[in-house]
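Participant: Spelled out from the first residue to the last, the chains are:
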Amino acid sequence: MQASLLQVKELTKTYKRFTLGPLDLEVEPDIVVGLVGANGSGKSTLFRILMDIVKEDTGHIKFFGQEWTEDDIEWKLHVGYSGEILEAYEFLTITEMKNLISRWYQSWNHNEFENLVKRYKIDVDERYGKCSKGTKKKIEFIFTLCHNPTLLLLDEPTAGVDLVSQRKMKEDLMRFMEDGEKAIVLATHKIEEINQLCDEIVVLDSGRITHSFNKDDIYDTWARIWISDVVEQVIQHPNVIQFEMDPPQIVTNDVEALESIMQKEQMSITHIQRLSIEEVLEFLIDQE
Amino acid sequence: MFNDAVWLARKEFRHQWMGFLITIIVTIFMGMLTSGLLLSESESAIIKLRVDSNSIFADRFLLDLIFIGMAPSFATIFMAKPYLSYRVAKDDPHGKRMAVLRSLPIPVSVLALSRTLFMLMILGVLALTFYGTVVAFVFVFSNSYEFMTISEFVTFILFWFGYMLALGGMSPYIEFGKGGKILHILPFVFLGLFLVLQITFYTYFGFGIVEKSIELVKEMGWLMTVISLSIGVMCSFGWNKLLKKRLANRDYL
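Protein chains in written order, with numbering that gives the first Met the number 0: chain A, 0 to 287; chain B, 0 to 252.
Keep in mind that a hint or two might mislead.
[Stated by the list, open to error] What follows is a list of derived Cβ distance ranges for each label pair:
1. A/E113 with B/L192: 46 to 56 Å
2. B/I226 with A/H109: 43 to 53 Å
3. B/G131 with A/D71: 37 to 47 Å
Keep in mind that the hints were calculated from the coordinates and are not lab data.
Glycine included, C-beta positions come from ideal geometry on N, C-alpha and C.
So that you can see chain B by itself, here it is in the shape it has in the complex:
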């Protein structure tokens, strides 16, 4: 079963290599933008935030937007046609491809697992690309970053990787379990929820969510990461079960 699922996932990579390549390039730009937010004028923006919080609300907002609002999209090839064109998405290309696979003698569990593995592979590569870019800019190109040690930074990254993992499983569920239109509707819903969360958090605590996570990482260390990754793994497992159920029961055409 596992070999079959891996074979399918690898096939999908070959079919979508162009979109995947473009997604990696865009992810590198997002990493550069993020490191620019973490480091400003050769000082940590986070440190600067504490000094003059009003002046860089936009930076804080952007940082939260990238980590919370956009990072879950690292679980999919977000520069593929269905994500860029509503017209393409409306035709439900994911569902139609799954219809072909459903007509073949492939167990639903293998199909669901292949999509989960594909998601994990993409998430692994894109997360590595994103954080790798951030690390490269923060630790290699700057001499003045002293806000976090390397260990704290790794803990911080793994904490947010757990978050991506928790929400990442939603991507194959939406792509293959729902119609193509949802692909374009859901980001707006998610953005709305993010705004409510971000503004509420800022109103009550006076700082950004990512900023708070850095503080927690410093206080709690690896425990934060373990909790976050555990939740991420459990959620991935749960999304896989949901996807399997949905694949067995949906109308593809």
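Okay, chain A solo, but in the shape it has when bound:
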């Protein structure tokens, strides 16, 4: 069995007004993990800890099955990270920035870089600081791909990006996943990205992972059920996420369990509607 590309155990980081973790996360090859959560839930902090930009208080991080010391750089050669940190070099042109970054990757593909800057219509002689937010995102995205990484850590890569480029980015990410050996952790607020790209969804709330599931399970287990009457036994059931009296209906994350209970209680089900990922995520993020 192939080792995990990323394994996080009992990770914590405490600030004055925010604590991340304890947090466990595992990313297998051929999986796109969608990291979702409200603003300030800790998604960017998690990425920064993974990339050594923020130091964790406790916990263990393994990339490619190994824990690395601060002077080990092998794992970073295989990780592509995009997290809005390049602003610090806003005085450089895109070419100068590329020269600063590419030197450290033996596997840097200059042709790929040329192709991608053409594809995304980037003016490489423009200063980074003069670029629009969307263009900066595209530039960061390009930099993450050019050294042929195995794992991508992308923090809202399409935020502020035009629609055409968003489509191209999705295509590039799908192409990236084609060989079945790579993985992506994608922090996003966009439901289309989750629908089109992600296999697993991790919900982060106030620094904790509150839910983690396979995307396909959502269609099988989550539903809104209209019933003849909402009784106390149903309301108290742990799989009932929400209920309404008028008209009587419930939202559940285990439709099979609820159906059998209702049969037992001789309650009639008038209608069942499977929930979309967007609706489910709203419930998961809102309920916290």
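Take the given structure of chain A and dock chain B to it, following the hints.
Facilitator: Then chain B, alone, in the frame of chain A:
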């Protein structure tokens, strides 16, 4: 490792050439001011001090301030934006740049070494500029300077270069190891310490620290320089180790 560190240091020079150029120009002015203090009315101010010490306390104070209080700043591009603007420094531009480098596959030891090398390069150029200006004014533009021989003067300069080296390593440590605010707080702390030291020294010995160093150089010769440079090299090494440790453990954002 060394080549990587040199490459990074050279890149940093290219990124900051404008600030560096302005820093060199300001350093030349500081050198001119210092030589003006060493030479007054075509006589050595130091000689004059001995004759009438009360009248030029300010000169003596300024001389100490430049050599002790300001010379360590030759280890950094002190005319760069973060040093001139608190608002810029508060955003911690050094830390943010290091965050980018930390996210790349560069060993911490290379990052720390690149900052130390960068510091040494700046210190070398600025010290040369500063002392070169002093030498030019003292030995070229004046015919009456007889207080020190050239050999003594070189010994004197190297002695103070050792001092700069000892404290210079603090600059990259503060810039990249601490938040930007410290850049503006530390000079005041340092100035306070300098004042205490200078006033105490003057109260007990009756003359300035730089003046005393000239006397020691004359008495002890190259030994003073060797001791000073040795301490400087050891301190640079120590600051580099501290910086490496700090870079590996700090939060950049």
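Participant: CB of B/G131 to CB of A/D71, is that within 37 to 47 Å?
Facilitator: Given a distance of about 44 Å, which is inside 37 to 47 Å, the answer is holds.
Participant: For the hint 46 to 56 Å, verify it against the beta carbon of A/E113 and that of B/L192.
Facilitator: The hinted range 46 to 56 Å holds for A/E113 and B/L192, with Cβ atoms some 55 Å apart.
Participant: Take a look at whether the Cβ-Cβ distance between B/I226 and A/H109 falls inside 43 to 53 Å.
Facilitator: Holds: the Cβ-Cβ distance is about 52 Å, inside 43 to 53 Å.
The earlier numbered hints are all upheld by this structure, with none contradicted.
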